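Novice: Letter by letter, the chains look like this.
There are 2 protein chains.
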Amino acid sequence: MASIAPTVDPNANPAIAAQQKILALPATESRRMADAIRVLAMDAVEKAKSGHPGMPMGMADAATVLFTKYLKHDAADPRWADRDRFVLSAGHGSMLLYAWLYLSGHAGMGIEDIKNFRQLHSVAAGHPEFGEHPAIETTTGPLGQGISTAVGMAMAERHLSARFGKSLVDHRTWAVVGDGCLMEGISHEAASIAGHFKLNKLTVLWDDNGISIDGDVSITSSDDVLRRFQSYGWAVRRVDGHDHEAVARALDASTRSSKPTIIACKTIIGFSAPSKAGTASTHGSALGAPEVQAAKQLLGWDAEPFVIPEDIKNAWEAAGRRSAGTRRSWLKRLAKHPQKAEFERAMAGKLPEGWHEAAAAHRAKLAEDKPKIATRVASQRALEALVPAVPELMGGSADLTGSNNTNVKGIPVFSVQNPAGRYVHWGIREHGMAAAMNGLALHGGVIPYSGTFLVFADYMRPAIRLAALMRQRVIHVLTHDSIGLGEDGPTHQPVETLASLRVIPNLFVYRPADAMETAECWELAVQRADGPAVLALSRQNLPALRTEAGENKSARGGYVLAEASGPRKATLIATGSEVMLAMAARETLEAEGIPTAVVSLPCWELFALQDESYRAQVLGDAPRVGIEAALGFGWERWLGADGTFIGMTGFGASAPAEELYRHFGITAEAAVAAVRRKLA
Amino acid sequence: MASIAPTVDPNANPAIAAQQKILALPATESRRMADAIRVLAMDAVEKAKSGHPGMPMGMADAATVLFTKYLKHDAADPRWADRDRFVLSAGHGSMLLYAWLYLSGHAGMGIEDIKNFRQLHSVAAGHPEFGEHPAIETTTGPLGQGISTAVGMAMAERHLSARFGKSLVDHRTWAVVGDGCLMEGISHEAASIAGHFKLNKLTVLWDDNGISIDGDVSITSSDDVLRRFQSYGWAVRRVDGHDHEAVARALDASTRSSKPTIIACKTIIGFSAPSKAGTASTHGSALGAPEVQAAKQLLGWDAEPFVIPEDIKNAWEAAGRRSAGTRRSWLKRLAKHPQKAEFERAMAGKLPEGWHEAAAAHRAKLAEDKPKIATRVASQRALEALVPAVPELMGGSADLTGSNNTNVKGIPVFSVQNPAGRYVHWGIREHGMAAAMNGLALHGGVIPYSGTFLVFADYMRPAIRLAALMRQRVIHVLTHDSIGLGEDGPTHQPVETLASLRVIPNLFVYRPADAMETAECWELAVQRADGPAVLALSRQNLPALRTEAGENKSARGGYVLAEASGPRKATLIATGSEVMLAMAARETLEAEGIPTAVVSLPCWELFALQDESYRAQVLGDAPRVGIEAALGFGWERWLGADGTFIGMTGFGASAPAEELYRHFGITAEAAVAAVRRKLA
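If you read the protein sequences in the order shown, they are chains X and D.
FYI, the working numbering numbers position 222 of the first sequence as 219, with every residue one higher than the one before it.
FYI, the working numbering numbers position 47 of the second sequence as 44, with every residue one higher than the one before it.
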């Protein structure tokens, strides 16, 4: 091999010398299987002329050990419920995942897909995209999300294992992370959660290659990462990531740990690249044909691009079938299990029989009681009906339980001692919570809901975006949804938050006006299997505006709450806590002989999905006034060019809520005046 | 004291017993000064009927030691440039800050202000708001922001001390944080940055009271916090937070450390509350009159509400003047300092003479060269002109330097070895970066700019919001601003991000169309002293559309880039990389005899500030078509009810950029077709 030594001086790049030592060892079958990953990564990136070869080349060895010896996974059924979950948190290294899927014989990942890496409609997208292939457990790419989502998956396993027993649920979660994932703040939150809940069936392989995009990690970080994870209560190990046996020993040990485990795999990024290995230049672009060719020579790899020697492909396919027997045994256990139907229902994300009756009974009671309560309290009442009826609902709050009203009496807390508990005290870790919730939903068998203040949606935003992109049923209960929260002031008062959430594709943002609408919106959020929801809820009390319990009117997103007494002269459109202002304004206007309709618009996204004629009928032709205690950005859509918007024009202030509404001019009087001006 | 023992069994709440022991000790003057903070916190919250008494009552002792013995601060001039910075990261404990300001004799914080705590227009807002009082160094409340902002302040000190010398810049940064701050992920990023840069003039006092809102911290966290900070390279200490001498020793030691220091102050939340101390019930609401009265009895406090005994007030005022001599010496040094004028200019945030000439010369060169480059590259060229001309500009990137084009040749890197360096390798820590940038700006003497991908604005959002709320000159360079980034796919392609940023009050979002507009937008961002900016920049090359260098046309936010050849039949409105599509469409339409104008809209916020008649003239009366490779949310504002929008309708995809534009129908042809339909 020495004859094709790199042209660079190995002394100038210690990784080259280290690499040469490793390559001088006899190539075992396991090493050659790893080389297959490396070669496919190089070839695919080269053909696409873009991508990230460095990580798959560096982590191929450790990943091969995981895939061939530890991961419980059957290529014949990659969605088997009791499979181990594998999360590629360092999502830019997507070719590691695609190469494994192809090599181990998964349907839906052929060599043509690999050749189409990063091309339109390819399942082999630039980053792993959930939904493109059944074995892709989650979308990754935004750093730190994968490890945090994996924590949620491990929580789901722990919980469902307690609910259904080990004979049905007993699997591990494995994640491959890079330095970037660990520098991100979300990794702190997630790791702390995992340590606190002693999620010992979680193993994280850290690609400790010492390189990030700007260069050596020492430029940016002096962290003692393993010491840090020890502080969270994790087991930690350090291995040569190119030593298959050492990796195996570490993985093996992690399966016996009473704590979550992180294994620092010391690797050389771009391993086998003769001149670029160990440098940032292998991270995010093609190596170039000469470097690829020389790398293959170093590996003793003679095959044409995209061609895998038969013996290696066979070995990989055998590895892909390794857990087939385990799966068959599991299927037999399932077939005889008394909870078979319930387990299958829960994992399929189907709501249980009777849930809707419980919800309907709750709404009937609201129609009778007509409670004047905050919508956050109405949300709690809805949960009191739904949580007992839907055993998959698993709630929690980022340390604002009493404020978010997310708990339900009698529902036990999830803990080390009681993993069957369904309420999670997430701590002040909004981002970790939201990403873990994505993991709970992706795992299946859980419908997670959260709690925090609406303004702190900002802290969770990257994870909310991923829930929307992956179309996961994740429900965020976000209370204190306007200046109506009062004295805590502008840092806590959302003004731009509603708009910033409404703009996220696939996310449904509900802002109910009273207890009845809250119940309706909760039903809609729980029912919708293919996307996340935000419930924006008031801190302050709101009167009952809807007192009939029949049709779920919120299901159309917007509707006429009160029709004008004659031909409409004005339409007031409002959401949430401002609908009552619209109703008060209507009363004044009607008394003045101005027939006025009030439209409640609890969910813009659903309203936009209605047909044009319905929307036109609801919004009407009369002059429109919109009222929302938030910025008007986006309201033009409903108000048209001539509409008037009554709301905020900047940040809020610290004062009692009622004073703030007056101070900012968000009042029924302002709405009345606006209509009068329109009609003058 | 035993006679007024609480009605609760002290054995049921160990904090009560511990508190009784402490209260049994002789009350020193220092303890009585701390009691004054406690009493004011109780009184103010009681009167406001809302607020957070627990934290000020628990941390009053440690804070008193800091304020009276260590903090370099002169109440007579709280903005003195070389003062120590004090950051109350646990912002809900705002009464700790207000009580200190009042007690130590600050103008602008009288007892009436304390009585108006949390009322409209009061400087004593619910959370500390920058701008309300000159001694409030930063707005806090959203947890984790304060500690991270403090890291930026300490960086600014280190940098400016290297630039101007220790005789002008030599001060510390002190932060009080709670468990919430430390659970937040941003604290990981910030602490890691501080450890890496060995910011030894930073001392963090952790209010280690073991309580969060949901109850005992042990419910949510098992972290060994001090071990964690050791992993970042911090010095750590643990003291009884009610033992003034122990706190003094720890603060003293921190001033001699070669590392940043965190001091765990073991405290009792709500200290002195006879039945509620040590419980979450003291955290976020008034204690109630009986509890307050009993607490005062326990403290031996006889004065009426809001009345401070003269001896204690005098002692506090003396403490407020403690550094007056130090300040006078400093003023003398400044007066004789050769860099006096430059230092004062920089700290005042005034741009240096000659900066505009440098910028103008750059634009003149662009007019000549007409480069076809990505706007991210154009941004780098603008920086090559601005960075040498404006010594306050301090740039960086969250590990995407080569992609964000944020570095400038010859500008040294900020490091332990070279703190005079002006380029920061922030690591993959977007949120920590953005919050630290707020600290750099708030400190004064630095104009920070960042770099990351536009989509990752989501990771920084809470800090961007605070920059906007505080109106700080913080500039975010956000590249890869659309599907035009291509193969990295939907996780990396912003579609909702522009809208989500445009909705933030006070934030100016620039999306320039070519190199000239990029230069103009950079000038505007640097010039604007009272608010943050985002520059959204393309990955892909764009032709030069503007080839004259006179007026800064971007300054009006939007303008007619190409007027119609006759009476307008259509107006195409676009931003950034889509302006070239509008120009191409115009060419086709004009050739078809349809006089068409193109409007470039690089900054919506500035355009909205123009007078109505200018806007009407620019937008015109002809049918309007908007083009932006993003969602249309908010575009109705410019397009009116009858406009057509050409852009995205959901998330992006992974493919080469040009294919994506075709795939999603964002093309000149689509714009032409839209106009034809309008005119048909």
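The hints are simulated quantities; they were obtained by calculation from the structure and are not laboratory data.
Remember, predicted model here, so these are calculated numbers, not experimental data.
Please note that a few of the clues may not be correct.
Copies of the same chain look alike in the list, so a pair counts if it works inside one copy or between any two.
[Claimed, not checked] Derived pair list, reagent style EDC-like, types lysine to aspartate or glutamate, alpha-carbon separation capped at 20 Å:
#1 LYS112 - ASP618
#2 LYS550 - ASP608
#3 LYS66 - ASP221
#4 LYS69 - ASP167
#5 LYS347 - GLU587
#6 LYS369 - GLU242
#7 LYS195 - ASP81
#8 LYS337 - ASP167
#9 LYS112 - GLU656
Novice: For each hint given before, does the structure comply? Return the numbers of the non-compliant ones in rising order.
Specialist: Violated: hints 1, 3, 5 and 6.
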